[in-house]
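*Asks:* Following the hints, position chain B with the ligands against chain A.
Going down the list, the protein sequences come from chains A and B.
Add 4 to the 1-based position in the first sequence for the numbering used here, that's all there is to it.
Add 177 to the 1-based position in the second sequence for the numbering used here, that's all there is to it.
The hints are simulated quantities; they were obtained by calculation from the structure and are not laboratory data.
Accuracy of the hints is not assured; some may be wrong.
[To be verified] Derived DEER-like restraints, expressed as beta-carbon distance ranges:
| hint | chain 1 | residue 1 | chain 2 | residue 2 | range |
| --- | --- | --- | --- | --- | --- |
| 1 | A | Gln34 | B | Met388 | 34 to 42 Å |
| 2 | A | Val82 | B | Ala346 | 30 to 38 Å |
| 3 | B | Gly267 | A | Val22 | 39 to 47 Å |
| 4 | B | Gly267 | A | Thr27 | 29 to 37 Å |
| 5 | A | Val22 | B | Asp609 | 54 to 62 Å |
Backbone N, C-alpha and C fix where the C-beta goes; we use that ideal spot for every residue, glycine too.
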Amino acid sequence: MTGPATPALLRRAKADTVAFMVTVDGLPVQVHPGDSVAVAVLCAGGKPYRRAVLGDAPRAPYCMMGACFECLVQVDGVPNRQGCLVPARPGMRIVRQNGLNAGPQEGPAE
Amino acid sequence: MTGMVDVAIIGAGPAGMAAAQALHVHGLRVSVLDERAGPGGNVHAAALDHPPEGAALLGRDYVRGAQAARAFAQSGVPVAYGASVSRIEGETIHYLQHGRLRQITAGRLMLATGAIERPVPFPGWHLPGVMGAGAFQLMLKQSRVVPAGGYVLCGTGPLVLLVACQLLALGSRPLALLETNAVASPVRVGAAHLSTLARNAGAVAKGLSYMARLRLAGVPVISGVTGVEAKGGETLQSVHYRRRDGATASLDAGMLLFHEGVIPGTQLGLALDCRHRWDSDQQCLVPVTDEWGESSRAGTFIVGDAAGILGADAAPHSAMLAAQRIAQQLGHRPDARAVAAARRALEQASGFRRFLDAAYRPGVAFGTPIADEAMICRCEQVTAATLRAAVRDGARGPAQAKAFSRCGMGLCQGRICGNAATRLIAADSGLDAAAVGGHHVRFPLKPLSLAELADEAPQTEQADG
Ligand SMILES: Cc1cc2nc3c(=O)[nH]c(=O)nc-3n(C[C@H](O)[C@@H](O)[C@H](O)COP(=O)(O)OP(=O)(O)OC[C@H]3O[C@@H](n4cnc5c(N)ncnc54)[C@H](O)[C@@H]3O)c2cc1C
Ligand code: FES
Chain A
5 MTGPATPALL RRAKADTVAF MVTVDGLPVQ VHPGDSVAVA VLCAGGKPYR RAVLGDAPRA
65 PYCMMGACFE CLVQVDGVPN RQGCLVPARP GMRIVRQNGL NAGPQEGPAE
Chain B
178 MTGMVDVAII GAGPAGMAAA QALHVHGLRV SVLDERAGPG GNVHAAALDH PPEGAALLGR
238 DYVRGAQAAR AFAQSGVPVA YGASVSRIEG ETIHYLQHGR LRQITAGRLM LATGAIERPV
298 PFPGWHLPGV MGAGAFQLML KQSRVVPAGG YVLCGTGPLV LLVACQLLAL GSRPLALLET
358 NAVASPVRVG AAHLSTLARN AGAVAKGLSY MARLRLAGVP VISGVTGVEA KGGETLQSVH
418 YRRRDGATAS LDAGMLLFHE GVIPGTQLGL ALDCRHRWDS DQQCLVPVTD EWGESSRAGT
478 FIVGDAAGIL GADAAPHSAM LAAQRIAQQL GHRPDARAVA AARRALEQAS GFRRFLDAAY
538 RPGVAFGTPI ADEAMICRCE QVTAATLRAA VRDGARGPAQ AKAFSRCGMG LCQGRICGNA
598 ATRLIAADSG LDAAAVGGHH VRFPLKPLSL AELADEAPQT EQADG
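Same shape as in the complex, but just chain A:
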């Protein structure tokens, strides 16, 4: 389900729902209805969830409720989505944000 990378999470007893696929950094990952994008990335495992712009520091979701902004990720081409609040949908293209490579749009645009 997750390729060669070690997942951070293991699924238990959700056989009662129909799984579907998304991609994380181009690799297929199996997810279930109700999963957030953040869960999809953690199930993909391997590399850190993201790297902060400051010092490339590895970071991962902390609050899962939209408060900490540690789960920022690119979803279907849109950067800086809060992965913990976005439900995974079939075929979604999820790309990890790695420090400055996250693109020029990172940061508030007030």
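*Replies:* Chain B with the ligands only, in chain A's frame:
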């Protein structure tokens, strides 16, 4: 969803759902907005996604919550999911949904935005692999996932025990539960609250059954833990701590799930300039309201855990009071029996909360000064040492500290560092935390992209969630 309503309710947790239904019964026009994909709030997140057998794994309370969420979904109350409130100006609420800014106008506002886990900075808490135990529980509820490798639960309060039991029910066993309760003998505290405990026998039995299940499963429970530190590189590798006898110890683990209680989520109320006070017992900001939940901003009510932590069972009752008051203000006859019942329930919940607060004291958050190397502001990577230097240079409040050190300047706008920053500045400057105060919160509540700003939908064009 229509463009103009009598009451807009922010949050579809137990409080928001109850208020919406009560107002709906009075024939008032209500709209509910929630950032999440469905009803249930934090306590019953993803309630509609589980078939009944799945929900049963998460415990009896969750099953009841799922029923309430289902009843709400069928009640016909208009609600927008995936709708994050961004800005409120007068009676106009601007919210972001599906990448577009939309708006709705409401004569009255009810904030049912719930609680956040108390953010507790300690060295290494920013490493991947360290997260809130409540945060992990949200994933567990939504996705029924467990940590892939060895993990440690750490903290104090009923929620840590509940999460441990929910993990056990999913066939996953923590390496240990590190108890950070600063109260050495909760049982002795219980003796001073006997009548309260008798009146809340169900909740007490629940707590005891959690402990029994942990023991039965052979989870080592280590109490009196202090000096918690997370160490690792790209991700967490080990958890270090001091035992009650002063000896240091460590556990190799890939995840650390930490929890020292919850505090009201005050972001929206602060941005609206509602008056808040510093609760010196719980060391957090709480909104000031009258006995109906109306804040200092007339027409804005704050209910559920957002108004002060009383828990999931109490949340619908404070919401009911606010709903009846609003109905009365709008010329309807309030339901006197519902008001009396809600007041009784809240009184009972307050009594039990006083016991919980006395029996469980967050040892890491309240016990020792924040360690210098702990990263207080995760967004801007500001350590406690840097914030201390700002205080030495004369910073006397979060706003000055922000200017001196960038603490609170990041994307989370002080949600995660604000509480700890106030406590640290108070401790180091000798000022009262009430005088130090909290961060100034400004709209938009979350940063908007330029595309979103350019693309605000007109009033009439609104999508239901
Ligand atoms: C992570 C976590 C886990 C918890 N787990 C439990 C548990 O298992 N058992 C228990 O008894 N208690 C639990 N609690 C305590 C919890 O606060 C409950 O007491 C209960 O959820 C409170 O109900 P409420 O309706 O006041 O708020 P909540 O249930 O928290 O609902 C608030 C809702 O408001 C929404 N919201 C917030 N801000 C905005 C915004 N700007 N725009 C749109 N929507 C917004 C949120 O998405 C959320 O759905 C938990 C708390 C947290 C933080
Ligand atoms: S994990 Fe904190 S905002 Fe998503």
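*Asks:* None of the hints should be skipped; say for each whether it holds.
*Replies:* Each hint tested on the structure:
1. Gln34(A) <-> Met388(B): 34 to 42 Å: Because 37 Å falls inside the window, the suggested range holds.
2. Val82(A) <-> Ala346(B): 30 to 38 Å: Distance hint for Val82(A), Ala346(B) holds at roughly 37 Å.
3. Gly267(B) <-> Val22(A): 39 to 47 Å: holds (46 Å)
4. Gly267(B) <-> Thr27(A): 29 to 37 Å: violated (44 Å)
5. Val22(A) <-> Asp609(B): 54 to 62 Å: holds (57 Å)
When each numbered hint is compared with the structure, a violation occurs for hint 4 only.
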